[in-house]
Amino acid sequence: MAMIGAMDAESVAEYFRGKSILITGSTGFLGKVLVEKILRVQPDVKKLFLLIRAPNVESAKLRIQTEVTGKEIFQLLKKNHGVGFDNFIEEKICPLAGDVMHEGFGLNSAKLSNLYKNIDIIVNGAATTNFTERYDVAFDVNVLGAKHVCEFAKKCPKLKMLLHVSTAYVAGEQDGLILEKPLLMGETLRMGTHLDIEYEQNLIKETMRELNTNCSTKKAERRTMKELGLKRARNFGWPNTYVFTKALGEMMIGHLRRDIPVVIIRPSIITSTLKEPLPGWTEGIRTIDTVIVGYAKQTLPFFLANLDLIMDVIPGDMVVNAMMVSMSAHSEDHQAQIIYHVTSSLRNPAPYAILSDSGHRYFFDNPPCTGRNGEFVQLKKMRFFSTVARLRLYMTIKYKLPLEMLHLANILLCGVFARHYNVARRKYRFVMQLIELYAPYALFKGCFDDMNSEKLRMAINKDENSSVPYCFDFDPKSIDWDDYFYSVHIPGVLKVMRA
Numbered sequence: 001m002a003m004i005g006a007m008d009a010e011s012v013a014e015y016f017r018g019k020s021i022l023i024t025g026s027t028g029f030l031g032k033v034l035v036e037k038i039l040r041v042q043p044d045v046k047k048l049f050l051l052i053r054a055p056n057v058e059s060a061k062l063r064i065q066t067e068v069t070g071k072e073i074f075q076l077l078k079k080n081h082g083v084g085f086d087n088f089i090e091e092k093i094c095p096l097a098g099d100v101m102h103e104g105f106g107l108n109s110a111k112l113s114n115l116y117k118n119i120d121i122i123v124n125g126a127a128t129t130n131f132t133e134r135y136d137v138a139f140d141v142n143v144l145g146a147k148h149v150c151e152f153a154k155k156c157p158k159l160k161m162l163l164h165v166s167t168a169y170v171a172g173e174q175d176g177l178i179l180e181k182p183l184l185m186g187e188t189l190r191m192g193t194h195l196d197i198e199y200e201q202n203l204i205k206e207t208m209r210e211l212n213t214n215c216s217t218k219k220a221e222r223r224t225m226k227e228l229g230l231k232r233a234r235n236f237g238w239p240n241t242y243v244f245t246k247a248l249g250e251m252m253i254g255h256l257r258r259d260i261p262v263v264i265i266r267p268s269i270i271t272s273t274l275k276e277p278l279p280g281w282t283e284g285i286r287t288i289d290t291v292i293v294g295y296a297k298q299t300l301p302f303f304l305a306n307l308d309l310i311m312d313v314i315p316g317d318m319v320v321n322a323m324m325v326s327m328s329a330h331s332e333d334h335q336a337q338i339i340y341h342v343t344s345s346l347r348n349p350a351p352y353a354i355l356s357d358s359g360h361r362y363f364f365d366n367p368p369c370t371g372r373n374g375e376f377v378q379l380k381k382m383r384f385f386s387t388v389a390r391l392r393l394y395m396t397i398k399y400k401l402p403l404e405m406l407h408l409a410n411i412l413l414c415g416v417f418a419r420h421y422n423v424a425r426r427k428y429r430f431v432m433q434l435i436e437l438y439a440p441y442a443l444f445k446g447c448f449d450d451m452n453s454e455k456l457r458m459a460i461n462k463d464e465n466s467s468v469p470y471c472f473d474f475d476p477k478s479i480d481w482d483d484y485f486y487s488v489h490i491p492g493v494l495k496v497m498r499a
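Start counting the sequence shown at 1; every next residue gets the next number (UniProt numbering).
One should not assume that every hint holds.
[As the list claims (entries may be wrong)] In silico EDC-like links for lysine to aspartate or glutamate, alpha-carbon gap of 20 Å or less: (1) Lys205 with Asp308; (2) Lys181 with Glu10; (3) Lys219 with Asp136; (4) Lys78 with Asp99.
[To be verified] So the derived label-pair ranges between C-beta atoms look like this: (5) Gln174 with Glu90: 42 to 50 Å; (6) Leu184 with Lys398: 43 to 51 Å; (7) Phe85 with Lys155: 29 to 37 Å; (8) Lys158 with Met432: 27 to 35 Å; (9) Glu58 with Ser109: 15 to 23 Å.
These are computed hints drawn from the structure, not numbers from a lab.
Don't be surprised by glycine CBs; every beta carbon is placed ideally from N, CA and C.
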């Protein structure tokens, strides 16, 4: 890794002055945080081209207004610009109605040739993050999307860098220290196996052909493609379709990049913003938020987690800070691709016990109204199981045996309990599937090395007396986890839950 020159917040922001940036995935959580921060710290950015999945430019513009700039996270920017906010957004954001899953993003040749000439930076944040996504859909977005972005990048003569957002969990279920190293084409996590991306693509096409020939229903097609994704992922050592296809996407970029400066950002579990532009902003219910919501609603009496294991989480604004600093640091750096783990397990490990304790304390101090008439009810502390075997045993005794008894009673009474039994069986299967899906994360024993990220952090001059109203901090050591969960993250998640 080349030496990184000294930087400060002002020089990082200055880097984006006059730049034209193509961003995919801007309607996602991280994409919104990135768009807002660029516009706030560098209003003289030339243009943000946002690739939006939409049938036409007007529809794309509407999606940006409702799903990006209309969100609460843009309040500070609105306040800064006052009545001129809409004009500022109109001037700086250019919607592109297209999709990464198509060559040239499905744009016409005139638009493409104009983009090729103008783009300075590409940020590829488009992804499907569903663990059990259909294999064809996940492959199209996470693998072919990366390929199409890379092919587009090679046609941009002014391009200074391509930043690709991946995930630290491309490491699968490894334990020990996991290094910031590229994934090589064909590499797998299971001994004796070799990946061929073209074969995987043909397998998807052939499976879809068979399904169409057999006139399968949409439901059967969806189930088959989901099962195929999980099967292929696990065959090569990855726990689910999401991390498997993200790994393939990284391989694709490494294989096709030639001399394009490439930075791959690998965050761990992304949580609500720590500070900027407002603390605790988040969207949707993410992995660990299931525990918070389940506790608030008293609908989740137990969860799979070893409270002594490290829960590697990182606030969304810190991920965006790392992205912007790395863009500034590696602009026009044509060496081999650089990987950054934006993670916390090495520098400031947070065990699951911290989330459990701060959550219990928060709800004790702020009991939610969970009664039928809005009254406060006595909260029961959540039970955690440290192994899958223990949780399965509990599920068998508590739920499966009564379910079998209900099944027997249903047969003896000629189907009186059929509806009740079918609903209960579906719920039981759903919970067991969730256990299987989340086990690799809840019981993850790896630790992400972040030596590259530490070098990047050390290059930033932290001037305590700076008058700049923003920072580019992504040092997990600066986080007090107990305070973050209690005062920032849990209130942020509950706000989303109640919306």
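How the hints compare with the structure:
For the proposed pair Lys205 and Asp308, the alpha carbon gap of about 44 Å is over 20 Å, so the pair is violated. A C-alpha spacing of about 30 Å is found between Lys181 and Glu10, which places the hinted pair above 20 Å, so the restraint is violated. A distance of roughly 15 Å separates the Cα atoms of Lys219 and Asp136; the hinted pair therefore holds under the 20 Å criterion. Among the hinted pairs, Lys78 with Asp99 is inconsistent with the structure: their alpha-carbon atoms are about 29 Å apart, more than 20 Å.
A beta carbon spacing of about 47 Å between Gln174 and Glu90 agrees with the range 42 to 50 Å that was offered as a hint. Remark: the range hint 43 to 51 Å for Leu184 to Lys398 is upheld by a beta-carbon distance near 46 Å. Evaluation of the 29 to 37 Å hint for Phe85 and Lys155 yields a pass: the beta carbon distance comes to about 34 Å. As the Cβ distance of Lys158 to Met432 is approximately 52 Å, the hint placing it in 27 to 35 Å is violated.
At about 21 Å, the CB distance of Glu58 to Ser109 agrees with the hint of 15 to 23 Å.
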